[in-house]
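Can you make the complete structure from the sequences, with help from the hints?
Residue numbers (the working numbering), protein chains in the order written: chain A, 30 to 347; chain B, 378 to 659.
Just so you know, the hints here were simulated from the structure itself, not pulled from any lab data.
Keep in mind it's a predicted model, so treat the numbers as computed, not measured.
Just so you know, even glycine gets a beta-carbon here, dropped at the ideal spot from N, CA and C.
Any given hint could turn out to be false.
Chain A is nowhere near these chain B residues, computed Cβ spacing over 12 angstroms in every case [to be verified]:
| no. | residue |
| --- | --- |
| 1 | Arg472 |
| 2 | Leu498 |
| 3 | Asp599 |
Derived CB-CB ranges, DEER-like [as the list claims (entries may be wrong)]:
| no. | chain 1 | residue 1 | chain 2 | residue 2 | range |
| --- | --- | --- | --- | --- | --- |
| 4 | B | Val381 | A | Gly77 | 32 to 38 angstroms |
| 5 | A | Thr300 | B | Gly570 | 28 to 34 angstroms |
| 6 | A | Glu78 | B | Thr380 | 51 to 57 angstroms |
| 7 | A | Gly77 | B | Lys437 | 27 to 33 angstroms |
| 8 | A | Thr300 | B | Ala630 | 54 to 60 angstroms |
| 9 | A | Thr152 | B | Lys437 | 38 to 44 angstroms |
| 10 | A | Arg341 | B | Lys473 | 50 to 56 angstroms |
| 11 | A | Arg346 | B | Phe474 | 46 to 52 angstroms |
To spell it out: a stretch of chain A is covered by chain B in this simulated footprint if at least three of its residues, at any positions, have a beta carbon under 8 angstroms from a beta carbon of chain B; those stretches are [to be verified]:
| no. | region |
| --- | --- |
| 12 | 120–130 |
| 13 | 228–238 |
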Amino acid sequence: MKKYTDTGKKDTRSGFGAGLLKAARADERVVALTADLKGSLKMDAFAGEFPDRFIQCGIGEANMVGVAAGMSLSGKIPFCGSFAEFISGRVYDQVRQEIGYGHANVKLASSHAGITLGEDGATHQTMEDIALMRAIPGMCVICPCDYNQTMNATIAAARYEGPVYLRFGRPSRPNFTPQDEPFEIGKAYVLNEGSDVTVFATGHLVWEALLSAEKLEEEGISVEIINVATIKPLDEKAVVASALKTGAVVVAEEHNCAGGLGELIAGVLATKAPTPVEFINGGDRWGQSGTPSELLKAYGMDEADITAAVHRVISRRK
Amino acid sequence: MRTVEQFSAISAQVRRDIIRMVTMAGSGHPGGSMGCADIMTALFFGVMNHDPGMWSRTGKGQDAFILSAGHMAPVYYSVLARAGYFPPSELGTLRKFGSRLQGHPSVSKSLPGVFQPSGSLGQGLSAAAGIALAKKMDGTDEKVYVLCGDGESEEGQIWEAGMFCAHHRLSNLIAMTDWNGQQIDGPTAEVAGIGDLEAKWKSFGWNVITVADGNDFEQILDAFGKAEAAVGGDRPTMILFRTEMGHGVDFMAGTHKWHGKAPSEEQCAAALEQIPETLGDF
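Written as structure tokens, this is what we have:
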């Protein structure tokens, strides 16, 4: 199995902050807006270097989304940042009308997504946002797996013409993708080629999938690991090709069971390559306070759960 | 500058357009559109610096207008067509399948003159603020106009935007409220009690101009003159226009009952008898 090394734990939101700064240096049209979360979104460096391009909106996310849409019309490239809940569910109608239906070139920077937000509890642990954003026609949904990939995805989002929902998180997690690998929107990244089963993972759970695959390899199970960093548009070709190759699929995401990557991939496979699928997600439940590791374990989304799902799906394969 | 008589002739045709469009569509919102016909006529035919032939959604090189209360699409489409953004003959397609004149303003079919979709209320002031902020950053002296409703001002986002615009000193933003005192379920005072809008906007740090009769061109033009004089200052401007919903047709005026109802053929004919055809019906 291909070996991946954690080069040091880092939070993906800091990857966003680093990417934003690079994107801003490369293109003067890049502006950033936040709703009183400059520090949490790691926009400090940007705001320090480009104070005239940083717009503090105060605690008014609905207005911020509209302002960003308006700014985009004249050619600005607004990155509009807040916690995942406050930039998706709270402002769904604004995102839908002003950015989605309005075809506005706005990048929604969604931090602290998923249950690994941790101690703040269920009010802030957003597990529905992928479903919400996927349902908006024309919305690109990106969920990178580590610091480096979040940085590179942010740069790619700035260059992409159209609305983007960029999902990342709060905790420090292993950083293992190449620092200088340009992010390709719409590409599913094959991290390890395998023959017995495919694990499609996104976000923080990609690392869990890698840990699981190492254990499974010792059992003689060859796992193909695909990092679905762009959820929409989905790399259907890669999904179908791998499912046809292995004949057994596990989908892992830090999200509610409804409307996420799992249902998306199952839908594609149902029509193009019927394959047994097992799902790793948070179920249809509210989160609670705890450490990221405690919560991933308690809600069935860690390495051991992926390993168990692989055994289940292989046993189901005829 | 046109005379009051000339403005009145245009707004009469706009009112005929509204009645005929909504009747042909069989649904829509004539009341607010009729009440705002004079404001919108003054804006597009005397106040705004705009060139329909050079218009693009980037808003570069001219003033911009956003209709926040998107259900007033009929008056919006009529003034756009009469000002030359698209042929008036297209007005008859309102709400029809395949039309660029969607039930509420849309950018999906690239209707000239429309910057942003609207319909879900309370959002246009924020979009206008974004356009105004970008124009300010780009160092232009172009202005942004936005029309909101008084009922719409029950939406919290209006007040988020109110704080934002004042904080960022967007003096190139001229907002307007159609203060007709009516909304779908009845008079605003009975439905939600929006209270003293003048005091509210002043307390939010805005330059506030109240117009006692928003269906009187002299008062409308005077207010726009004062608003333009405040551009370059340290605060955004809100013009509160006291208008009459359904203004111009006696059986439609002053009631919420024509907020979202299309006239019958007979009612349409009766209404048109009260409004002179000045520029030729579409």
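The hints, checked one at a time:
1. Distance to chain A confirms Arg472 (chain B) as a non-interface residue, since its nearest Cβ pair spans about 17 angstroms, more than 12 angstroms.
2. Its closest Cβ contact with chain A, about 10 angstroms, brings Leu498 (chain B) to no more than 12 angstroms, contrary to its assignment away from the interface.
3. Once the 12 angstroms rule is applied to beta carbons, Asp599 (chain B) is consistent with being away from chain A; the minimum gap is 28 angstroms.
4. One distance hint, 32 to 38 angstroms for the beta-carbon pair Val381 (chain B) and Gly77 (chain A), is violated here, with the actual separation near 54 angstroms.
5. Checked against the hint of 28 to 34 angstroms, the C-beta distance between Thr300 (chain A) and Gly570 (chain B) comes to roughly 54 angstroms, which is inconsistent with it.
6. Hint check: Glu78 (chain A) to Thr380 (chain B), Cβ distance near 54 angstroms, so the stated range 51 to 57 angstroms holds.
7. Range check, Gly77 (chain A) to Lys437 (chain B): Cβ separation about 30 angstroms, and the 27 to 33 angstroms hint holds.
8. The hinted window of 54 to 60 angstroms between Thr300 (chain A) and Ala630 (chain B) holds, with their beta carbons roughly 57 angstroms apart.
9. Taken as a hint, the range 38 to 44 angstroms holds for the pair Thr152 (chain A) and Lys437 (chain B), whose Cβ atoms sit roughly 42 angstroms apart.
10. Distance hint check: the CB atoms of Arg341 (chain A) and Lys473 (chain B) are about 54 angstroms apart, consistent with the given range 50 to 56 angstroms.
11. A hinted range of 46 to 52 angstroms holds for the C-beta pair Arg346 (chain A) and Phe474 (chain B), which are about 48 angstroms apart.
12. Check on the region 120–130 of chain A: 6 of its residues sit with their Cβ under 8 angstroms from a Cβ of chain B, so the three-residue criterion for coverage holds.
13. Chain B is given as covering the region 228–238 of chain A, and this is violated because 0 residues of the stretch bring a CB closer than 8 angstroms to a CB of that chain, at least three being needed.
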